[in-house]
Each structure stands twice: as C-alpha cells, then as structure tokens.
Amino acid sequence: MQVRSAEFKAAAAQKLDDRQLYRALSGLRNRMVSGRAVAIQELDNFEEMREAARQVRDFTLTNLDYFLELFERNALARGAQMHWAENGQEVNRLVLDIARRHGVRKIIKSKSMLGEESGLNQFLEAGGCEVRETDLGEYIIQEARETPSHIIAPAVHRTKEQVADLFEARHGRPRKHDIAEMTREAREVLRPHFLTADMGISGANFLVAETGTTMIVTNEGNGRMTTTLPRVHVVVTGIEKVLPTLEDVAFILRLLTRSATGQSISNYLTYTTGPKGVDEVEGPDQFHIVMVDSGRTRVLGSPLREALRCIRCGACMNHCPVYQNIGGHPYGWVYPGPIGSVLTPAYVGLENAGDLPNAATLCNQCGVVCPVKIPLPDLMRKLREQQVERKLRPLSERAALKLWTFVALRPALYGPMMRIAARLGRWLGGSRALIRWLPGTGWTVGRDMPAPRGKTFRELYAARWRPAAKSRDAAPVQGKGRLR
Amino acid sequence: MQVALFVTCLIDLFRPRIGFAALKLLEAAGCEVVVPATQTCCGQPGYNSGDRHGAQVLARKLLRELDGCEYVVVPSGSCAGMIRTHYRELLSEFPDVRPQAERIAARTYELTDFLHNVLKVGDVPGLWQGSVTYHDCCSGLRELAVKAQPRALLARVAGLELREMSAPEQCCGFGGTFAVKFGDISTRICDQKCDDIVASGAAAVVLGDLGCMLNIEGRLRRRGAQTRVLHVAEVLAGMADPEADGA
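Listed in order, the protein sequences are those of chains V and C. Counting from 0, one number per residue, gives the positions in the first sequence under numbering that gives the first Met the number 0. Counting from 0, one number per residue, gives the positions in the second sequence under numbering that gives the first Met the number 0.
Treat the hints loosely; a few may be bogus.
Said to hold, decoys possible - Computed Cβ-Cβ distance ranges for the label pairs, DEER-style:
| no. | chain 1 | residue 1 | chain 2 | residue 2 | range |
| --- | --- | --- | --- | --- | --- |
| 1 | V | R422 | C | H52 | 26 to 36 Å |
| 2 | C | S91 | V | D177 | 52 to 62 Å |
| 3 | V | D43 | C | S91 | 32 to 42 Å |
| 4 | V | F250 | C | A36 | 48 to 58 Å |
| 5 | C | A105 | V | R77 | 49 to 59 Å |
| 6 | V | T61 | C | Q225 | 27 to 37 Å |
| 7 | V | A5 | C | Q128 | 47 to 57 Å |
No lab work stands behind these hints, which were simulated from the structure alone. Built from N, CA and C at the ideal position, the CB exists for glycine as well.
Sequences are here, hints too, so could you generate the full structure?
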C-alpha cells in the first residue's frame, strides 16, 4: 500500500470535521471499549495472563529461527508447500505465480493485513485475476474503493447508513435499513463467488510450530469457506505469527478475543493443516504458505523488537484518544493507532512515517490494555529520539528543545527568564488572566492559555527569607523551611 | 522527616500557589521541607520529544541537587513519574549515576501518594463547601497508581462532596508538546473531557498535574464554562480561594 503517513496532520484535521465518522467511531468507543472491560472481568488473573502471554511471545521471538524451521518441517510433512518472501514484491510475485500455475481466474480472500502491506489485490488484478474480498468489512471497503481503517474492523469508519447507500448503489437492489438485512444481502452476493472461486487467500492469526498448522480467528464464517471451498489455498503470513504449541494458541486466544471485541471466544476458529487428505472430503487440493519477512527480521534486531509481540487485537487503537477521534485513515498505511505509529516507521522507514511517532499523548492507555504488554509509549519515545538524531523534526522544534535545556541547566539564567515570562504572561492575560492567542503554537486554536500571575514560585519563596519578610505571619510553619 | 519539594517548572511559572499549598500540607504533617533553590526542570519535555541528551543533562542536574534527601515530593504525577519510572532507563548509558538514579527513584513521590501512603495523614486543613469531580491524570494514574490516594484525602476535606465524572481515567488530550503540535486533535479530545466534567455537575474539577490543568481550564474557558479547575493540593490545603495568593 502506498504510504501517506507524511500527510497525517492534514488528513487528521479533515477527519475532525467529519461528523459521520464521529458517529461511526462512537460505536467503537462504546462497544469495543466497554465490551473488553466486561470480558476481562471473566478472567480472575488477567494481569498474570498478560505477563505469561508476553513471555510466550518473547520466548518464541527469541527462538524464532528454531520455531520457523520446526513449523516448516511439520507443515511440509502434512503436504503444505512452503514459500519464503523477503518483501512485498516477492509476496505478490509468488502468489501470482501460484495462481498462474494452477490456472486460477477467480480468487476469494479472507482478511489479510499482509496483503494490504504489499498491495496484493491490485497486483493480482493487474495479473488478470478477479479478486473478491469476503470479510464483510473488507467487502465494504473493496466496494467503496477504500483502505481498511482498523485492523480487525476494516470498515469501522462507515456508518450503517453509508453502508446502506453503498450497497444500494453497488448491488442495484432496494435499499436495506438494518444491519441483518444488509448482511444477508452481502451473503447472497458473495455466495456464488465462494462456489466458483479457484483459489482462496487467507492470512493467519497464528502458526503452530509443533503441528505445522495455520489458524485464523473469525466471526463471519467467510474465512472457513475461503480455506475449504476453492481447490487452491494460499496463506500469506508474517513470520512473527508463529507460536510453539496448540496449547499456547489456546492460551493466547483467551486474551485475544476478549481484548479485541470483548468476546470470550470468536464464532469461528479455523485450524488448517495441509491440503485435503486422501480420505477427507473438505479442503483444498493445493495448500501453500507464504512466509513473509517484509522488515520483521530487521525489527527483531532493533530497539523496537517488542512490537513484534503484537497479536493484532486492536485494543490499542480502540482505547487511543487520538484514534477515537480521527479513525485509522490519517495514519496513512496499513496499521493505524499506537501500534501503527510504531510499525509504520519500523516497516516503511522513519523518514516516510512523518508525524506518526508524535501523534500520541503518551497517555499509556494503549500500554495498559495491550494483552502482550507492548510498551507502546516507550517505543514511540524511542522513535522520537531517532527522529531528533536524524534531524527529521523541524529545526525550530529542535532548537526550542535545545534552548530549554540551555536555560534550565543554568538557574541563574532560568530564574530571571521565568520572572520575565511570568510578568509578560500576566500582561498578556489581562483582567481575565487568560491568554487568547499565542503565536506559533497550536494551543490557542481551541483553548485559552491560563496566564501566569506575575510572580514565580521561586521569587515568592525567596522573598519569605529576606529580612523584611521574616516577621510576616505567612512565613513557613515554625520557620522550618530553608533554602539551600 | 526531611522532605525536598520539587516544585516543577510549570507550577513555578503558572501557579506558584500550588507550590505553597504543597509546602503547607507537608509542613502541617510535620515534615521539614527544603526547597532547593537551583531546581528547574526534570527533563520531561525533552524526554517526551526525542531530545534524549537534553533530558539526560537535566536529569543529572536534578540528581546532583536532590540526592541525599530523605524524600523528594512532587505536586505533579508526570514529573514524579519521570523521576520515579523513567530516570533509570534515561540514564542507563551512565553507569556512574545509576546508584543515584535508583536511590532517587525509590524516594520520589507524587504529593497525594506521599501524604496518604507514607505520611498517612489523618486530617487536612482544607475546607470546601460543595461538589468537586476528580480527573485522573494519565502519568500519575498509569505510572504511579495514583487513584485512591487523592480521593481518600479529598474525603477528609470538610464539606466536600466528590461527584465522579463518567470517564475520569480518559486522557484530557494534553500530552505535553502534543497539545502544541496537534492543537486541533488535542482540543477535540479535551472537549470530551470537558463534556464529562460539566455533566458531573460539580462546581470544580480537581486534578494533580499542571499540564492537564492548563489544558482543561483553557478549553473550559474558551467554551465559556465557569467550572473551576483546581490542583488537589490547593483544595487539601484550603488555598482554593480565588483571592488566596501563595505569598
């Protein structure tokens, strides 16, 4: 996908004016956030589970080479065909080659964020294939020619009414008014595609090393049809998705679905191990797994490695005060919200990520809800440090920081400067003690600045200790305070 | 018990009265309070804006000034959190100051945390007729678990009724330089906070961090709302009267 993260600020400003978006996102704020809060109450040791999940993920990532080889061995033993792709171009080429080799014309897809990373759909379409997204959210945005704005709810930015308009226009059927009717209509439109597709493409939530199994977590059933109906199946997955055992998957699932949608468990868990066996009636004849690096090994060896623990639940964005107000599109690439502000610079380069590492208040709501304890604010801080080191922040900003350090290091300079600022502030604040406009900052766009009152703490405190002030009643209790 | 008061740069400049309120509370609880005269900034702005070097030199300065104090008390969750939870990482390249950084991290407290959990104060001097609502500032809440402490102390203020707002733990949108870089997003986030504050019906919103205070007060005033915005120290110390000056 094209990276538009450099336009974050302007794109976000536009979204702030979008009342439809605000309405659409209120569902996310209310349902996903409160749903998760209720769901984790079912677990009496949620914090211990988070810590255990962190350890499972770290252990696997530390031994990633071992578990990938184990996964490959077991997958091959079950008849899967393994492919390794270093980057997005290789992913696209490999998948198109597989399609051509098997005479594929129509492809159905279950959700794959990796497909978004490499622009797989467009590439396959250019190669002569028809590609049909089957996840309802992905289907909506494919019809609307948009990109996903959330990693598990790709069309969360659209209201029900907007979807009704879209379906009416695209399906040429009478307008539907409730979600159940719209869903039924989408199923009716999609069903023939499921039955006539030559190839299915899915992602993977996890890869199970001990069995060579790929698994997906879904709610709609489209994923299961995608993995079982067409004669060829291709799994496109990041190499970091591997877990050692089925038991690890079962454990982490308890955190994943609760963190994601507030469900104790999703409607479907689809485990696929190799193609259809000789005595089996369901499943593809050909089963391919494309293992994708696209920057993962580089991140593994970097200070951002903790981001690779991510199990793609979306809780960080659901709880992010910034995401809640602008949605996912302004982040400008595949992964929005706090994890996107880390993964985007990690995968496409800090120089292409614009303001993303700064587009957060560091409130750490993301950090405390993350089921695998990714310290997202710390990682954003590291990226901010790299931006300053590499001079990717504006000169004015870097100079202001340097000036602040210079002054704050020198109390003999700091004191007088703050006294001047306090007096200037009082003058600017006027009788209401509010500054209405401060040049060169975004502060007064929507807020007043409460003004300083004319004197600093330091000078008021020092004044207490001058001889003239000593007799005052207001002197510190029993005269115990002292200056050093 | 000797306590060093770290006033913070924002209180020094914007609201000296909060510093004096903290002083009054500590002294009323029997502490011998020192206010090191050369203190300036804990380094948080640089740390959060990617200026690691600037943050490091200011952190080292603070260590020189405050090492040796029995306790360091800070009337700000984010500055206390900076010293308590981030200095070790920030100064990890300097083995020479590691023991100092460890020491100071263990001895630094946010004001209400210190009053409630260390001093275990029973009475507070404050009086307040009416209702307040409490906003949990992010750093204090999530870095230092400051949540019950201010409420326990406010419950001892004669006449004060606490009316919780609907999402007291939601960020107000300040985020340090975020509020300056992304003024529009920050304002929108703050609007939801202001809605919740106003809906609580409280006469004042009380909180423990000056950044959030300036943000929330600035937005409430721009919206024309009259809800007062007070630092928890002002209320606890009985210095919430608009006329009360710190001097």
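Numbered hints the structure breaks, given as an ascending list: 6
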